[in-house]
Structure formats: structure tokens, C-alpha cells
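A.B. asks: Protein sequences appear in the order of chains Y and L. Under the numbering used here, the first residue of the first sequence is numbered 79, with each subsequent residue one higher. Under the numbering used here, the first residue of the second sequence is numbered 599, with each subsequent residue one higher.
Do not take every clue at face value.
As the list claims (entries may be wrong) - Reference excerpt, derived from the structure (chain Y facing chain L, CB under 8 Å, subset only):
#	residue
1	C108
2	I131
3	K153
4	L169
5	S172
6	I177
7	P180
8	S184
9	W185
10	C186
11	L208
12	M212
13	I346
14	R348
15	T350
Unchecked claim - The following label-pair restraints were derived from C-beta to C-beta distances:
#	chain 1	residue 1	chain 2	residue 2	range
16	L	I735	Y	G257	29 to 37 Å
17	Y	N116	L	K745	38 to 46 Å
18	Y	E84	L	Y783	52 to 60 Å
19	L	F781	Y	H86	52 to 60 Å
20	L	K745	Y	H148	47 to 55 Å
21	L	D807	Y	R195	40 to 48 Å
22	L	I735	Y	H148	30 to 38 Å
23	L	D807	Y	S163	22 to 30 Å
24	L	V727	Y	D99	45 to 53 Å
25	Y	N116	L	G740	46 to 54 Å
Stated by the list, open to error - Below, computed lysine to aspartate or glutamate pairings styled on EDC-like, alpha-carbon distance capped at 16 Å:
#	chain 1	residue 1	chain 2	residue 2
26	L	K612	Y	D176
27	Y	K132	L	E806
28	L	K613	Y	D167
29	L	K666	Y	E168
30	L	K613	Y	D161
31	L	K808	Y	E134
32	L	K605	Y	E134
33	L	K679	Y	D176
34	L	K612	Y	E173
35	Y	K132	L	D807
36	Y	K308	Y	D321
37	L	K743	L	E806
38	L	K666	Y	D343
39	L	K613	Y	D343
40	L	K666	Y	D161
Read the hints as simulated data drawn from the structure, not as lab findings. Ideal placement from N, C-alpha and C gives every residue a C-beta, glycine not left out.
As a plain string of letters, each chain reads:
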Amino acid sequence: MNKILEVHRLNRSYGNFSLKDISFSIPEDCITGFIGVNGAGKTTTLNSILGLIKRESGNIKLFGLDMQTHEKEIKNRIGVVFDDSCFYDELSMSEMKDIIAPAYTSWCEDDYKGYMRRFSLNPKQKINTLSKGMRMKYALALALSHKAELLIMDEPTSGLDPLIRSQLLEILTDYMKEGGKGVFFSTHITSDLDKIADMLIMIDHGKIVLQEERDTLLDNYRIVKGDTRKLKSEIKNLFLSIDTTDFGFTGISNQISEIQSHVPDIVIERATIEDIMLAHIKGGE
Amino acid sequence: MLLHLIKKDFLIAKKYLLIMLLISVFIPIFVIWYVPELGAEIGFVLSVIFTVFMILQQVSIKEYQYPKVSALLCSAPYPRKFLVLSKYGFCIGIYFLCSLIYLIEITLFPMYGKLSINLVLGMFLILSVFIGVFLPIQFKYGYAKTKFIFMIVIMTSPILFPQLIKLDKGLSLNIVNTISPVFLYVIVALISISILMISALISIKIFEDKDLA
Chain Y
79 MNKILEVHRL NRSYGNFSLK DISFSIPEDC ITGFIGVNGA GKTTTLNSIL GLIKRESGNI
139 KLFGLDMQTH EKEIKNRIGV VFDDSCFYDE LSMSEMKDII APAYTSWCED DYKGYMRRFS
199 LNPKQKINTL SKGMRMKYAL ALALSHKAEL LIMDEPTSGL DPLIRSQLLE ILTDYMKEGG
259 KGVFFSTHIT SDLDKIADML IMIDHGKIVL QEERDTLLDN YRIVKGDTRK LKSEIKNLFL
319 SIDTTDFGFT GISNQISEIQ SHVPDIVIER ATIEDIMLAH IKGGE
Chain L
599 MLLHLIKKDF LIAKKYLLIM LLISVFIPIF VIWYVPELGA EIGFVLSVIF TVFMILQQVS
659 IKEYQYPKVS ALLCSAPYPR KFLVLSKYGF CIGIYFLCSL IYLIEITLFP MYGKLSINLV
719 LGMFLILSVF IGVFLPIQFK YGYAKTKFIF MIVIMTSPIL FPQLIKLDKG LSLNIVNTIS
779 PVFLYVIVAL ISISILMISA LISIKIFEDK DLA
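Chain Y on its own, in the form it takes in the complex (with noise of 0.2 Å):
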């Protein structure tokens, strides 16, 4: 498979927070979550690739090409949906659609128009009176109407309703279907990757800590509980993460097979990202 984005030892500072050599690629055809908690470095590391702030250090390639020298033909390539607040909110639709629709070379009016209708957005409708959830299928109109070949979203589920999110979903997913294409979101709501993600990364204090495929992740990780007297050192080394109590612990782990031969008693379950997500935090503190 291609390789749609490439960061490559990327590094930026902020007073006390720094991203701290970021390397990753996502390959075509993969919706990959980018997870990580509030702080963590999501929205750092996004503004980096789009070249919204400068990085002192790391190479960003996108389809092949590089970010600093390609960027006018990268970003003609490249959709990009960020929070509700990047509009100007007395503009209707249609002067805002105005505004960015000459920047690419292949904007599509029709595309646009269809998106309006399917999202049934009224393009003379004011933006302030818009709901959270309209604004953001107005901002992923706006981001598929240029033929992108990447979507780049920073936490576009954040603040919605279950059913739009799960709307906003199902567009991903149709988008994907035509090929050639990825999506690149970050996200705290984990819920929303354990329904289409293929891939995950993540990151925690300015630092990736596991990139996988979703499936693999969930395969490999297992929720363990037991009897906290059985718990020895050696075997809780095995954890990634573990809460002991009088009554017994809970915890993360993918050596399942090894704790299992020294605690035979023990109740696997299968883990969520999110618990496999605060294990990998809990685990790093």
C-alpha cells in the first residue's frame, strides 16, 4: 500500500510542552485515528502538517512529495475539516464557500451542490445559525468538494450528537469507498474508532506511543482480572496498567498467555481502545 502522509522526526517546542520526535506514515485506503487525550499533542502535530506552525525540526511528506517544497500541490490534494469556530459566522454559506472554493484548481461546484443536498444545508442560510452538527457537515462539504484525496480532521466528532456523529461516519465511510483515498482524524472519542478506524496512533505527552492496525491492537490486548494475593512483582510487570484493590485487580495486558500460565484463575475480557489508550497513559506516568 502507498503511503499517503509521512512525518519523520518531528519536533516543536512550546514553553513546557514540545512534541518530541513524531514519526508515523498512513498508508492509502485507511481511515487512521489519531488518539490521544486533551494536551497530548494532536492538534500540535496536525498544525505541523498542514504547515500552520512552523516545526523546528522533521521532514512531512505527503503523497511523496514534500510538505515545503510541494505545498501549494499538497494542499490542493488535501481536505481539511477542524472545529466549529473557522468560519466567519455573519457570512451565509455561500459567501464562505466563495471565499475558499478559488483557492483550489479543482473545486467541484457540483460536488459541492451535492454535498448541500445531501446534508440538506440551505447555502443562503446564515452560519450562525447553524447547529454544532450542521457546521460540521457545511465544514466536510467544503473539505470533499475539491477531489481530496486526504481528509485531514482535527477531533470533528467533538461536541456532537451520537446520531451525527454516526452520520458523519457513514460519509467517512462512503468517501473510502471510492478509492485512493485517507482519512487522518484525531480524535479523544474513542468509541467513534472502534467503528471504522483501520489503523491507530497515539500519542501521549508529545510522543507517539503505538501505531496499529485496530484490529491487531484489540487482538493483542486483553482486559485481565484476579485476585490481588496472586499478584506477585514479576507478573505485574506484564501489565501495561494495573488498579489493585483488597478484592482483586484489573488490568492491561498483551502477554495473556504468560500471565495466565503463572495465575490460572483469572477473567479475560475483550479491552476497548479506550481502556487499551488510558493503559498506555496510566502505564507511561
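Fit chain L to the given chain Y structure using the hints.
C.D. replies: Below, chain L without anything else, positioned relative to chain Y:
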């Protein structure tokens, strides 16, 4: 692309634009009526400065209110330098609108004065100095830290410009009259364009290094 970004500034200031252009109609009339000794030229100068700065302030307020729009525009294929150049284009556009309004006024009411090349180029030079100094400062420090400059310009220009005109009249007897008018026009135009170009280059450098998130 550049024209669309200039149009964007007109769009976001559209409510205010009409009011300010109306005010620019009345400033020269007011000056002629209230302080006729200053002449209609001062009315024109004040109307341009007031209109350009007040509308520019309105655009700056909107951009301050919605900072992520700049991020969205720069994540589209708009080069950052176009966002800077559009501000200069926008100010010059307002200047042309004010000149057009003044031209219509003096055509309808010839007793208010005339729109000479001296006045058009002199005003262009004044505007070039004002926005040439102001815009790089605003790109560097943002609207919140520079809004007081608006106030200073608006408050002092009714006092400053009559004094400058008097000074100009005094100097013109000694220096300007010795130079061929065409040569003088070319010099003034070149100085104005140079100021704007140097200022734009500084602003571009500032904005290129700015974090937009």
C-alpha cells in the same frame, strides 16, 4: 486568488462598509461647512483616513474574533503572502472608493473643490505611510495589542492634517515649485509604491513565521 481574498475582507466588513462610505460622503461636506478655511482637500484626506482605518479595524476585529479562519485559508492552497497582500489591496481599494465618492461629490457640487493629481497622489502617499507603518505592526502584534493605534490615528488626524497642509503650503513655495510637476508626480508615486512594497515584504516575513493555530 488575491482578488478573492480582497473580496473576503469587503464581505466580512460589508455591514460597516456602507455606513463608513456614507460617512466619507459627509466628511468633506462637513469640513467645508464647519471649517471652510481648511478647504475640501482636508475633508477628502480625513474621509480617506477615517474610512480606511475604521473599515480596516472592522476587518481586524472579525479576524481576531475568528482566528481559525486564517488557519483554514492557509490550509487551503492560498499562499500566506496573499493573505498579507490582500490587506494592502483592501486598503487601496477603499482609497479608490473614497476617491470615486469624492469625485462624484465635486462633479455634482463643483463649489466643494476639485480632485487634482496633487491631491490624489498626495493622499496616496499619506495612506502609504500610514498603512505601510501600521500593517506590519498589526501583523506582528495582532489586533488586541495594536487597537490603540487606531484610536491615535482617528483622534489625531483632524488636528495633524490641517497642520501638515499648512506646512506643505509653506514648503511648496520654496522647494516644490522648482520641480517639474510631472517629475514630482512620478517621484511621489514611486515613493508611495516603494513604501508599500517594503512594508508588504516586512509583513509577509512576519506572517510567514507566525503560528496560525
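A.B. asks: Which of the listed hints are broken here?
C.D. replies: 1, 5, 8, 9, 10, 11, 12, 13, 14, 15, 16, 17, 20, 25, 30, 32, 33, 37, 38, 39
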